[in-house]
Structures are given as C-alpha cells and as structure tokens.
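Participant: Listed here are the chains, written in short residue letters.
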Amino acid sequence: MATATRAPARSIPCLICETQNQLDAIVCTNCFAPMTLIQEALVQERDPCIVTVIGDSNVGKTVYLGFLLDMLSKRAEDFKAVPKGAYSVNLQHTVISHLAARQFPPKTAMEVDQWLWAYYQVSHHRRGDKIYDLVMPDMAGEALAAEIAAPRTFTVIRSLLEKSAGVILLVDAALAGAGSPQPDFFALKLMSYLDGVVGGKRRQLTKTPIAVVLSKADYSPDCFDNPRSFAKTNLNRLWNICENRFAHFEFFATSVVGSLGYGADESDNVIPYPLHVAPHGILEPFEWVLARL
Amino acid sequence: MALKLFGRSKSKGLRPAPADKSGSVSSARRRHTAEFIPTPRMTLDEDPLKRLIQQGRFSVILRDEARWREQPKAHLVIAEAKRLLEQRMALVPAGSVAIPQTLFAEPGAPEIEIEVEPFLLDVHVVTHARYQQFVDAGGYDDLDYWPEEIWPHLIEFKDQTGEPGPRYWRKGRHNAQLSDHPIVGVSCYEAQAYALWIGQRLPTEAEWQMAASWHINSSADLLRRFPWGDAMDNNRCNIWSSRRGGTVPVSEYASGAAPNQVLQLIGNVWEWTDAQYNISDDVGRPIVGEMPMRVVRGGAFDTFFETQATSHFRSGQIAMGRTFNTGFRCAMNLSAASWING
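Residue numbers (the working numbering), protein chains in the order written: chain A, 1 to 293; chain B, 294 to 635.
Looking at chain B on its own, in the form it has when it is part of the complex:
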C-alpha cells in the first residue's frame, strides 16, 4: 500500500506563495461575492461504478466491494477506487490524546484521556469542487443523508440565490476561481451529509487531535503542539499573521504537513468534528452557546492568536452556523479498507 504513513514523499520545503499585501482579512468575505464565475456542470458517466469514481465516492465502492464485482470491468474500477483512497487519505496510527475540559485549559486543569484507534483521514480538507458533486447529485433533497431532527431546517440551507447549497454559492454553483479552496459556508449537518454520501464520516474530536498532535503509542511519548513540531511558524500555515487575507488552495503549505502528509490541519479553515462542544469555566460551571454547538478545531485564515491555532485548542461553533471560515475533512474506519491490513 502507498498510504502516507511516515511521509515518504518529502515536502521539498515548499513555501507558500507571497502574501497578498493588498488583501485584508475581511476581503475574504468579498471574495465570495465579487467576480463570481459559476463553475460548469460536469458530465457524468452512465455507468454507475464509473460515476461513483467521478463523484469521489470511492469509499462507497470499497465498503461494499462484493456487490459490485458482477459489474463489467468491476476489477478495474475497484482498483481505481483503492488507488484514489490511497492518494486522498492517510493513515493515522493508534495513540492517545488528552482533551481539555475547561475554557482556560491552564496546566493542571481537568482533561479527559482518550485512546484513539488507527483510522484514515483526508489529506486535504474538502474543496468546493468536491462538494459540488454532492449538490449536483441532489444531496440536499435526499433525506437519507440528513438526521431526522434537521429535516425541518433543510430549507434554510440555501445559497445566495435561494438554491440548495453552501451559503456563498449562486444558483447551485460555486465560484470557479475557488474550486480548489476549502468548502465554507456549510453547517455541521451539511458536512455530515456530504461525508455520509461519499461513504465516510466526520472525524471525532479525539481523532482530529490525534492527527494534529501525533501522540502515537511509542516509547518516545512525543507530543506536538503543531503537526510539524512544537513552535508556531506562520510560513507553515494560513492564519491571520500569515497575511493571506482569505482561504488558499488546499494543497498549499506542504511544509506544515503532519508526518503522514495530512495538510492544513492548522489554519486556512476551522474544521467541523462530530463532537458536541461541552466546556466549563475553571470552577465547573457550564459555558453554552445560544444554540447547540459542535467542536471546531485548527483555527482559520483569520485566527488572530497563535495560541488558538494549535493541535490542542478547542473551540465551538453553532452547529447550524454557516460561516466563511469553517470547513471540514472526512475520516473513515480502517476496517473499511480491509486490504490495507490484508
């Protein structure tokens, strides 16, 4: 297998493109409305297996491989699905994480220790282009992908023109100039629906922290504040002080990759996890949002404090919130990729 476990493909010390000196952080909002070039609709293959590959739903094929074997040339498509999985996902090994339980998370503050099983995680956060496939396939109208409690609110998940889709899109299309940027303007439920549609799921909070802190089970007992090490370096991630003024393509900042080549765990966009945001003050009184909140991790292009863009920093976002700085990546159980373990 070629899963990116220990980063055999070196990052070659890639540096991000120079900062857009004229761009401001708030220009990120304008970017979603100015110079909107709608992306054209992709023509899909009539063959259902090939269509799944085109849509990036290789996990759907691999989860139920036996079902597809009777299809003509199925072995070729299954091989392609495996290749795509190995290209797009990385193995995060087993380890343990300590999740802070208080807002101020000072040394000695309560934490919960969680053991994390090995799992697969997207190398990149989901892009506008990938999410477009879900919208084009009518994902917003298919109740199978949405929890029942959210059905009455589905009508609220619309774009600038009232069509079903992420908040900053128009007429169900994304801006072609942002195709390889992280999808934003989606609630936690939209992120979950997409993940389900491609046969995956959102990472748990512990899994996300494991991927970023890389606290693997080893005698060295190393724990990282950032995927690349212990010191913040704004040349390795896109946060406020990086002066990029908005999201950047998901393949940038190779030098900030985790050891398994997972990119942009810190910065660019906050990432939804599947966890409820439960937190308290230093004497145990709960801190709540105006509406139920989910945990977001990693910080974004507009994160001002470097201490709020680390592998350990927890924040919350209203689950229904559709902000311009929150996206997501998908995960899946290692058992769903059985050939990896033989």
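Okay, chain A solo, but in the shape it has when bound:
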C-alpha cells in the first residue's frame, strides 16, 4: 500500500514570472524579484496585489514611489503599512535620505537585478481594515522604453504588467505644460502596450484601474487646479486612449519638490537641487487604485 505522505516541494514559482526557483533562493533566477515575496505570500495564504508604477525616464517614478512608501509607513491619512522584509525599506530609505540632503536619488539602473522592490502589507479603515499585500518594484524608465520598442526585451516588465492589479502611470506635467509632445507620445505608447498585455477582447474595455499621475505639477499650477482638464488639453492622445480602451482611469496631479535650484558639476553638467521638499498629491492616486482592487 502506497504511503499518503507527499514529498516536500523542492522549488517554488516566482510570483512575477512563474519561473521555478529553489526554496532557499534569495532572488528569482529569471527576473531577480526577491523570493521572500513569494515565501511571505505563501505564509499569508493570500494572493498579493501588484501595483506597478510606470512612466518615462526622469518622470519621477523613484521619488514618487519612495515618498508613497514613506508616507504609508508614517501612517499618513490613517493608512497602516508594514514592510515585509528589510529589502522593502531600501527604496524609501534611498529616496528620503537623498532628498533630506537636498539631492535627488540616483537614476534607477536599467539592469533588472539592480531594481529595488518593496513588499508592504497595507490596510486602511475606510477599506474595512482589509489587508492588501502590495508588491511595488521601482522599474527603470529606459527598460520600459526598451520593452515597448522591442517587446520581450525585458520579460519581467510584461510579466509584472500582466499580473498588476492596478497601475500608476506617471506623466511629466512640466514638459507637457511647456508644449512638448514627448510625454503624450510616451504615455500613449505605454497605454497601448498595456492594453495589449492586459486588455480583453477588442470591444471590451480593459478593467485594470489606471491612475494617471501628472508629476512635477508645481510647474503648471493649472494642472493642480484641474488635472482632467489639463490632461484633455495637454495630453490629448493619452486622454483619448484612456477613454476608448480603459474602463477605470482617473487623472491626478502631484509634486514633491517645493522649490528647485540649478548648479553644475566639474564637467559643467547642470545639476538640479531640491531646495526644499513639500509633497502633494502622493496618496490620492494610490488610494484611488486601492479602492478598485
């Protein structure tokens, strides 16, 4: 008679790309996501929600994400948030320590193994104290651009977006407000890519909630007064694809730096300095996405 005892699993699938990894693996051998993510998720017996922050290079994704995590861990707006693992604190630590010293954090490296990941358990009384396991990686804008230009260059991006329960898209309001078409085109490409990855049938609207965050909005005060109107005027292509292809989208304005100065380095490259920090509109998009998970 055969024994009923099951052999212990020797490997577990990565949460992001589903590659099988050894039980004691620290990061996924394929996408470099921390394996503690899946180990924690298994312990919690809940499916984690992935919220992805995407946008062009230099749009402010790292700063936005760092501040979001820091505000959550400071219980802003009565959120409760606990980092699951010390690695989850690295991103906010880097962002906050640089800005406190009046410097911007270094650019996120294009190499996937250099990305910082955050895994937080978040709850809010307005959501009935339901606990959300949120996984938020800080992706490089160049990597996103490369994946859009040549799909499957960065398979982890595709896997992440496929599994994302919500997306926060950052768009440079300062550039858009100054008349540059670049933010609109990049956002249009990203949304088109996203629609292809997570979209349903041709006539069905994509259900993933999309918070479009107009960053550096302090440069365009009108943007803060009415983000929707600003987007309709200055990001019309993005506005149209949102309306035509996405069931749940909203526009928000955000800024982190209260005042900006410019210096130069030894090679006469211009260096921006945040003279003081005054974050606005950081939590609202996140709360909006959370309400739709």
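Treat each hint with caution, since some may be false.
What follows is a set of in silico ranges between Cβ atoms, one per label pair, in the way DEER data are often shown [claimed, not checked]:
id	chain 1	residue 1	chain 2	residue 2	range
1	B	A387	A	P181	56 to 66 Å
2	B	P445	A	G128	55 to 65 Å
3	B	E408	A	N236	50 to 60 Å
4	B	N510	A	S57	22 to 32 Å
5	B	E410	A	Q103	34 to 44 Å
6	A	N244	B	E449	32 to 42 Å
7	A	Q103	B	E339	51 to 61 Å
8	A	I26	B	E399	33 to 43 Å
9	A	H93	B	E410	39 to 49 Å
10	B	E399	A	S57	25 to 35 Å
11	A	R127	B	D437	49 to 59 Å
12	A	F185	B	P445	31 to 41 Å
Simulated from the structure, these hints should not be mistaken for laboratory data. Remember, predicted model here, so these are calculated numbers, not experimental data. Even glycine gets a Cβ: it sits at the ideal position worked out from N, Cα and C.
Based on the hints, put chain B in the right spot on chain A.
Facilitator: Same frame as chain A, now just chain B:
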C-alpha cells in the same frame, strides 16, 4: 509700553486643535477653490485718520505723527495707533546671527556673521483679512507701492477671476472662511507693496533668523534651533507631520511662540524676506533658480523634513512665484516708534 519682549502673557500651554484626520496636504489646494464664500466689503470711515486705523495702517500715522496733530481728536487716534502697534508687533532685541552660505550647510561650512539691531516684528503673519484692505484700497493700481522694474508685470498679479489680487481669491475677495489664515498666493513684490502701504517693510533675512533663533547679546550666548527651544515638537507648529493638511489661523500654536510671543515663525507658511537668495554648493559654485529668487524662511504646513523648518534653514522661492504655502509678516525699525525709547 506693553511690547511683548519677554512674554509676560504666558501661553497657558495651549494646544492646537486636533488634526483633521481626513484632510490631506493636497486638500490645502482644494481649500482655496471649494466652498468659496466671498467676504463682504468693509465700510470705511470718512475721517482719513480713522480710516487709516481701520485699514491697519497705524504705522503710517506714527511715522508722521506731527502731520496729523491738527486733525480733530488726533490725540485719541494717535493713542489708538500706539495701542495697535503694541498689540500687533513685538520687539526683537539686538543680537547676532550666522547665515549659512552653502546649500548643505554642514558643520564648518562658510557662514556670514551679521549683527542685528533691535526692531519690531509682526506677532502674526499677515492674514487674508488684513491684505483685503490693501486690495480694496486699490493698492494694485497705485504705482507708488511697486518697484519700477515690476510695473510691466503688475497685470500678471491677478486672482482666479482676472481681478487684481492674490492668486486664490475671486473677484477681488478672499474666502471668508480663511479670513484669519495667512495670506498666500502672493509674490514677494505683492508682500513688499503691502508692507510699504501700511508704513512698514519686510524683515531682512538676518532679522527673521534673529527673531526665530533668539540669539540675543547676552553672556549666556544661547542659540535656539526653534523659537521655543532646541527640539522639534510638531505640537508647537504646523508642518507636514502635524497632520493639519493646510494652513491654520495665525493665532494657533501659542505654545510655539518665541520668547516675545511672536507666533508661527516655524511652519504654517514660508515667509518672504527682502533678501536675494544667493547660495552655492560645497565648492563654491553658485546655485540659481530659473528666475531670480528671494529667501523664504520657516517652513510651511507641507514641509516634510523637520530639518527644513528650523530657525537656520534657508530656502529660496522665485520672487514672482505665487504659491499656496508662502506668506509674509512685516517689520519696522525701532526708530519709527520713538515713544518706546522715550
């Protein structure tokens, strides 16, 4: 005299109202547009002296007392002007300050030592209600109060409806719900024009730092990081971590007062000074703004880092900028209040 020099009227340990848990910092922006109740126009006295008092321009009377003495009942109005000055302004004694010259201001970084003469400083930052008097009196149309270089730009200083006035007002009126909150949405030039109109001026940067750090000439050589002492306490000021989500009335946070009862030097709104913002990196290369900048001090309700809301922290704001978190208070020379020194 009853000038608040050493804080004889104790603050009674007043605590601020509980934080608005539902309010967010960005709600401060919405506050300027939602539920706008225009404040009614005040009826002004026909008597020019009484009108000056009504408008809060007591310094204009006191600067030129002899001119008004022939007016009927002038002595009563002059006495009232003195009473108002003593109520609204406080004496900041002589002292010295060290102004950091580099962005990072690490220990040993270059500083400039400045001796500060005694002067008078507003106890409260200027409110919407006080600023309304300037707008109602046609201050934006009177070129006497504006530097010539700014004349071509005066047309840009308009409110939400295109009327002359601060950025967040409508039809030349402020929101009655914010009457006792600090005036915001004004550039450095608008702040200077108002100060000139009431017969005062903006404080210099050194004066502002002197008032906040209280480094008076004494053998004790005490230097404060905050008006109330050396440790940050977000129950004594309105910064991001105080969770108020926007500006609060200028009379709040009595427990954060300086020894002479000047309130809210830290937090609530950044304060314009009359100084150009000149600063460099740690090897002396200049750091500049996209447009000329003026020094702002003290931090605001949205200041995230407590190290950026101290008596020593310097920041800059574009002089033409009209932000929702920058206001001002006025100062005047002690010599303009001659009866104080006898």
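Participant: Against each hint, give a clear statement of whether it holds in the structure.
Facilitator: We went through each hint and held it up to the structure:
no.: 1; hint: A387/B <-> P181/A: 56 to 66 Å; result: holds (58 Å)
no.: 2; hint: P445/B <-> G128/A: 55 to 65 Å; result: holds (57 Å)
no.: 3; hint: E408/B <-> N236/A: 50 to 60 Å; result: holds (58 Å)
no.: 4; hint: N510/B <-> S57/A: 22 to 32 Å; result: violated (54 Å)
no.: 5; hint: E410/B <-> Q103/A: 34 to 44 Å; result: holds (37 Å)
no.: 6; hint: N244/A <-> E449/B: 32 to 42 Å; result: holds (38 Å)
no.: 7; hint: Q103/A <-> E339/B: 51 to 61 Å; result: holds (59 Å)
no.: 8; hint: I26/A <-> E399/B: 33 to 43 Å; result: holds (37 Å)
no.: 9; hint: H93/A <-> E410/B: 39 to 49 Å; result: holds (45 Å)
no.: 10; hint: E399/B <-> S57/A: 25 to 35 Å; result: holds (31 Å)
no.: 11; hint: R127/A <-> D437/B: 49 to 59 Å; result: holds (58 Å)
no.: 12; hint: F185/A <-> P445/B: 31 to 41 Å; result: holds (36 Å)
Of the numbered hints listed earlier, the single one contradicted by the structure is hint 4.
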